[in-house]
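Visitor: Based on the provided sequences and hints, a complete structural model is requested.
Protein chains: 4
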Amino acid sequence: MTVNVGVIGAGMIGTDHMRRLDRVVSGARVAAVTDIDPARAAEAAAGVGARALASDAEVVADPEVDAVLVASWGPAHAASVLAAIGAGKPVLCEKPLATTAEDCRRIMEAERAHGSRLVQVGFMRRYDTGYRAMKELIDEGAIGVPLMAHCAHRNPTVPEAYHSEMATKDTAIHEIDTLRWLLGEELATAQIIRPRRTSKRFAHLVDPQLLLFETESGARIDLEVFVNCQYGYDIRCEVVGEDGAVRLPEPQEAVLHAAGRSGSSVHQDWKRRFGAAFDAEVQAWADAVAAGRIEGPSAWDGYAAAMVGDAAVHSLETGEVVPTKVEERPDFYA
Amino acid sequence: MTVNVGVIGAGMIGTDHMRRLDRVVSGARVAAVTDIDPARAAEAAAGVGARALASDAEVVADPEVDAVLVASWGPAHAASVLAAIGAGKPVLCEKPLATTAEDCRRIMEAERAHGSRLVQVGFMRRYDTGYRAMKELIDEGAIGVPLMAHCAHRNPTVPEAYHSEMATKDTAIHEIDTLRWLLGEELATAQIIRPRRTSKRFAHLVDPQLLLFETESGARIDLEVFVNCQYGYDIRCEVVGEDGAVRLPEPQEAVLHAAGRSGSSVHQDWKRRFGAAFDAEVQAWADAVAAGRIEGPSAWDGYAAAMVGDAAVHSLETGEVVPTKVEERPDFYA
Amino acid sequence: MTVNVGVIGAGMIGTDHMRRLDRVVSGARVAAVTDIDPARAAEAAAGVGARALASDAEVVADPEVDAVLVASWGPAHAASVLAAIGAGKPVLCEKPLATTAEDCRRIMEAERAHGSRLVQVGFMRRYDTGYRAMKELIDEGAIGVPLMAHCAHRNPTVPEAYHSEMATKDTAIHEIDTLRWLLGEELATAQIIRPRRTSKRFAHLVDPQLLLFETESGARIDLEVFVNCQYGYDIRCEVVGEDGAVRLPEPQEAVLHAAGRSGSSVHQDWKRRFGAAFDAEVQAWADAVAAGRIEGPSAWDGYAAAMVGDAAVHSLETGEVVPTKVEERPDFYA
Amino acid sequence: MTVNVGVIGAGMIGTDHMRRLDRVVSGARVAAVTDIDPARAAEAAAGVGARALASDAEVVADPEVDAVLVASWGPAHAASVLAAIGAGKPVLCEKPLATTAEDCRRIMEAERAHGSRLVQVGFMRRYDTGYRAMKELIDEGAIGVPLMAHCAHRNPTVPEAYHSEMATKDTAIHEIDTLRWLLGEELATAQIIRPRRTSKRFAHLVDPQLLLFETESGARIDLEVFVNCQYGYDIRCEVVGEDGAVRLPEPQEAVLHAAGRSGSSVHQDWKRRFGAAFDAEVQAWADAVAAGRIEGPSAWDGYAAAMVGDAAVHSLETGEVVPTKVEERPDFYA
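Order-wise, the sequence lines are chains A, B, C and D. Taking the working numbering, the leading residue of the first sequence gets 1, the next gets one more, and so forth. Taking the working numbering, the leading residue of the second sequence gets 1, the next gets one more, and so forth. Taking the working numbering, the leading residue of the third sequence gets 1, the next gets one more, and so forth. Taking the working numbering, the leading residue of the fourth sequence gets 1, the next gets one more, and so forth.
Each hint can be trusted.
Note: identical chains are not told apart, hence a pair may lie in one copy or across any two.
Mimicking EDC-like on lysine to aspartate or glutamate, the simulated pairs with C-alpha atoms at most 16 Å apart in a straight line are:
id, residue 1, residue 2
1, Lys-200, Asp-243
2, Lys-200, Glu-160
3, Lys-135, Glu-253
4, Lys-135, Glu-185
5, Lys-325, Glu-185
6, Lys-325, Asp-310
7, Lys-89, Glu-58
8, Lys-271, Asp-16
9, Lys-325, Glu-102
10, Lys-271, Glu-253
Just so you know, the hints here were simulated from the structure itself, not pulled from any lab data.
Guide: Okay, here's the thing in structure tokens:
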């Protein structure tokens with residue numbers, strides 16, 4: 001069976017997902033595309049042998065469309081996801097699931113009303129081989145009970161449009177989800193500390209930022225977000241437990257000895273670093289859809305990450321420790 | 001367009017390729033399967049929604065079959081490849097292309113008679129990201145003119161059926177191809193030196209073996225083949241040039257600090273080490289077939305590797321330096 | 001010229017320093033030893049061909065003694081150091097310089113009254129090759145202006161006598177000094193956060209602890225202190241600047257591939273990790289004494305570290321950010 | 001007790017050893033110096049508070065001289081060592097022990113006539129922490145019975161005076177000794193293979209060279225010697241056994257992430273790479289002399305390495321496998 005996917009949003013990430021569905025993922029194809037810019041939808045659709053449709057509603061309702069992939073801009077996500085749930089169709093939604101906690105809750109209510117999971121949120125790091133190996137070692141007890149995590153998320157530079165809250169909402173959101181998943185518990189508080197700012201940034205931006213989280217059980221996480229670090233795209237993660245510590249491997253690059261130095265090139269963007277994780281994510285989703293189930297990061301995960309992000313952003317102004325107010329996880333998402 | 005593949009051979013590697021075509025590769029499917037054991041062919045075909053056919057000839061002639069994948073045992077390869085060429089269909093042949101130089105030459109003649117390339121040989125390491133990064137650095141001049149290469153190919157253990165010539169023909173053959181490709185020239189001589197044998201092997205087996213090669217330009221290669229090294233599947237490769245050296249990265253595994261040691265797990269088989277390379281190989285082949293071209297390792301590569309292997313095996317008995325007698329590469333394969 | 005050293009304190013560290021002076025350091029010897037336990041002093045003195053004396057005062061006053069090494073317990077340090085200054089003799093004092101800020105100030109006053117530096121504090125990490133390489137790279141601008149540092153200080157286990165304040169005063173004190181030195185500025189605030197406690201500790205102990213510091217310029221430091229981490233003695237340090245990041249190398253140990261894993265042994269105590277740094281420290285001190293100068297970490301460094309430590313310990317109870325109240329550095333210590 | 005050392009030879013290495021005896025090694029000093037250039041001897045002697053003497057004979061006979069360090073040019077070594085043995089004084093001789101096998105044998109005879117060991121040869125790598133860790137792991141059985149070793153010895157460049165035989169006699173001689181010591185057996189044959197020459201060398205020089213050795217038990221060693229590798233001073237060594245493999249750690253340098261690359265600086269000469277090994281070697285020798293014993297690499301080791309070197313140089317012309325003709329080790333040197 002081939003899963004016919006309707007794609008909402010034909011921007012950079014949507015186009016990349018269409019290429020992936022068309023040329024990388026087995027057992028899936030793009031059936032329909034829509035975008036707020038009809039010309040862009042038409043061009044994207046032509047490239048993958050799909051039909052361009054006029055609206056989200058048409059995509060969701062299209063009888064050929066088996067499942068929906070939402071890759072529009074964040075504020076539009078909730079409506080598209082709710083429409084897909086309304087039509088009883090599985091939906092893979094790029095992060096964020098929604099831009100307000102209220103919208104996340106509406107999505108969860110709709111999904112529960114439907115009676116089974118339909119929503120997967122695009123937290124693709126859970127499909128990265130390095131994080132998966134860490135998860136496996138933690139789950140098998142190799143480091144004992146986790147007590148701390150040390151992380152960094154660095155980008156070479158960001159454009160002027162990137163503003164201080166995006167350090168949490170667009171950047172740290174990946175670690176927020178990954179740490180919830182690695183540690184198997186919710187983050188109870190968030191705090192942002194402002195180190196001396198780099199001079200190599202647009203004037204309005206608070207960069208770097210140091211995020212601190214406490215989990216329900218009291219484990220502590222520090223996360224450096226530094227989006228103008230100049231030298232590369234560099235992701236670090238170490239979890240420290242009662243019996244040991246496990247960390248992400250350094251990325252697999254050839255080791256060059258030349259001109260008095262030994263070493264490897266550093267990735268310059270997330271595409272090279274997490275390209276295989278995106279592929280694995282969408283393949284797993286297509287396989288699950290074909291098998292009539294949904295397994296990846298859930299609407300609850302999207303909600304909980306959003307709540308943590310809200311708390312962190314609140315702390316960006318005050319510097320105070322802010323409770324995340326994540327409720328107990330409903331049985332539906334257990 | 002979906003490429004409909006006819007698979008010849010439903011053993012371990014054939015079955016793995018069918019799973020790959022069915023569930024991993026985009027734009028391809030298994031249309032037909034044959035095997036010397038009809039029951040095995042039937043079972044494999046059922047698993048991927050394909051038809052089981054009675055013979056190679058039927059697979060090759062089947063009108064639905066766009067391209068052929070040969071995964072039978074080595075001695076049967078040549079006939080299947082020649083049949084596919086006769087039908088004008090692209091064929092991906094697992095290594096070896098053929099078990100004699102004469103058969104390789106017949107395949108090349110048939111392909112040239114056809115007028116364009118149809119054959120790709122399954123040297124999947126050319127699709128490994130580590131080797132590709134090395135190739136890229138060498139080609140861009142990062143190490144200058146290559147002068148030497150140091151390699152190792154280690155397996156934890158091999159079964160009793162594995163005999164001494166297989167160290168070259170089944171094991172070192174991968175490095176033989178990879179080094180020809182990395183260095184961009186033919187291997188002119190081969191020699192095998194016998195280190196002290198490990199006691200942890202079946203009595204008949206010469207293990208480890210040290211293979212030495214000289215390229216046309218005089219670069220020297222040493223290659224340790226050690227197929228009962230006990231500790232893991234470990235592949236090493238360093239190329240040393242006039243200006244520097246480049247080597248394969250250590251495989252990407254999580255770094256664990258526990259119980260007084262730091263380090264990573266070592267792969268235990270080629271499936272984990274080169275699984276992604278196999279996926280990339282078959283995807284690239286399917287893409288090329290769909291686009292009406294063949295680009296990967298050619299029949300010439302299969303022939304040249306076989307000639308080098310013959311020379312090495314000859315040296316296994318004598319210990320002498322043996323010329324490989326690889327002729328000049330025909331323009332057809334330039 | 002041989003520097004004749006009078007050693008005050010013949011416990012574990014004092015005995016190790018005597019061995020070092022006797023057998024490792026060139027141009028120095030132990031001339032006299034004292035200890036609160038006269039028998040221990042006598043035994044230690046006999047082992048290195050020195051005289052056992054009855055008191056600090058006798059050691060300091062001894063005409064053969066050129067320089068004094070203080071290795072008694074912390075509360076006794078100030079009196080011994082002041083006595084040495086009073087006698088105009090150079091003194092190497094194990095950390096802490098004194099247990100109260102008031103005593104540190106008295107030492108600095110006495111030293112200034114003497115007119116030139118006499119005191120070196122035993123912050124031996126400044127002599128570690130890894131930290132020195134970091135310092136060199138930072139000073140030559142390889143990472144640009146420092147903005148953050150991430151550190152960890154892990155011990156396998158500590159005895160029951162180790163209490164929660166020692167995590168700062170005995171353990172983190174090394175990083176406090178090293179970071180002041182690496183970053184070239186004072187630490188302005190300190191805070192201690194309490195992660196979930198490990199179950200593998202004596203009941204009274206807060207372990208691990210997460211220390212946060214802000215420097216005068218606003219750089220931020222996080223430092224994990226975890227003294228019952230079980231797996232080894234593991235010291236991490238990374239400094240992140242505007243243009244790059246530099247970190248301590250992993251310790252130099254042979255890489256073993258065996259039994260399905262690759263990796264190295266982890267140090268089990270500071271003796272192996274920092275033994276060469278201690279040797280270099282005492283050699284440098286002896287050389288400086290012989291040359292009539294004092295160059296290493298000063299009384300000011302001892303004072304500033306103590307002030308930061310006091311602030312951190314204050315935060316251990318409250319969890320609040322505590323100013324360190326380190327004054328401007330006097331010209332005398334510039 | 002201070003060991004008073006008479007130094008023969010005040011060139012680069014002799015001067016460095018005098019600095020070491022004067023300023024680094026505990027319990028030793030330079031008492032007397034001689035050199036074929038009296039002015040150079042006088043200057044060196046003045047720098048370390050020693051007396052300049054007119055000849056080897058005077059140094060050896062000097063009543064203040066407890067032990068002799070030979071650092072003259074190779075052809076002069078044998079006479080100096082024999083003189084020291086004649087005087088019954090311990091002697092540390094820089095490699096080579098002698099430039100002919102005959103001279104080595106005469107030294108061993110003289111030493112045996114004396115009745116106990118007096119000679120230590122300056123193979124300082126045995127004191128390098130990395131090699132020592134390898135030795136320890138091999139000796140405790142961590143890799144099982146050794147079967148192979150892979151080594152490389154690279155220098156950035158060499159001056160015009162460096163000729164092809166020096167690749168063995170001056171450069172590979174270190175690995176020859178180290179491998180005999182690591183594997184605990186003699187090298188039975190030697191062979192030199194000539195890879196394509198680098199263009200970045202003086203015209204007369206064969207560089208790189210690939211040396212192959214077989215031990216008595218049949219273990220095989222390959223050793224790349226490449227003295228114009230441009231990029232740095234890089235020493236590699238891996239020993240492969242029946243159960244695992246162990247290799248030298250990469251040198252301990254700070255890890256810098258900057259300008260799109262991560263990595264460390266590569267050493268540029270042996271002084272930085274093996275400075276600590278030289279220090280440890282001479283300290284151990286001085287300690288042994290003070291204790292009335294000699295423990296390091298023996299005259300036998302100097303002889304055996306010379307015999308292997310002779311065989312390798314012989315092969316440089318012919319390319320043939322050359323037996324080393326090392327006899328059975330005398331009980332005296334067991």
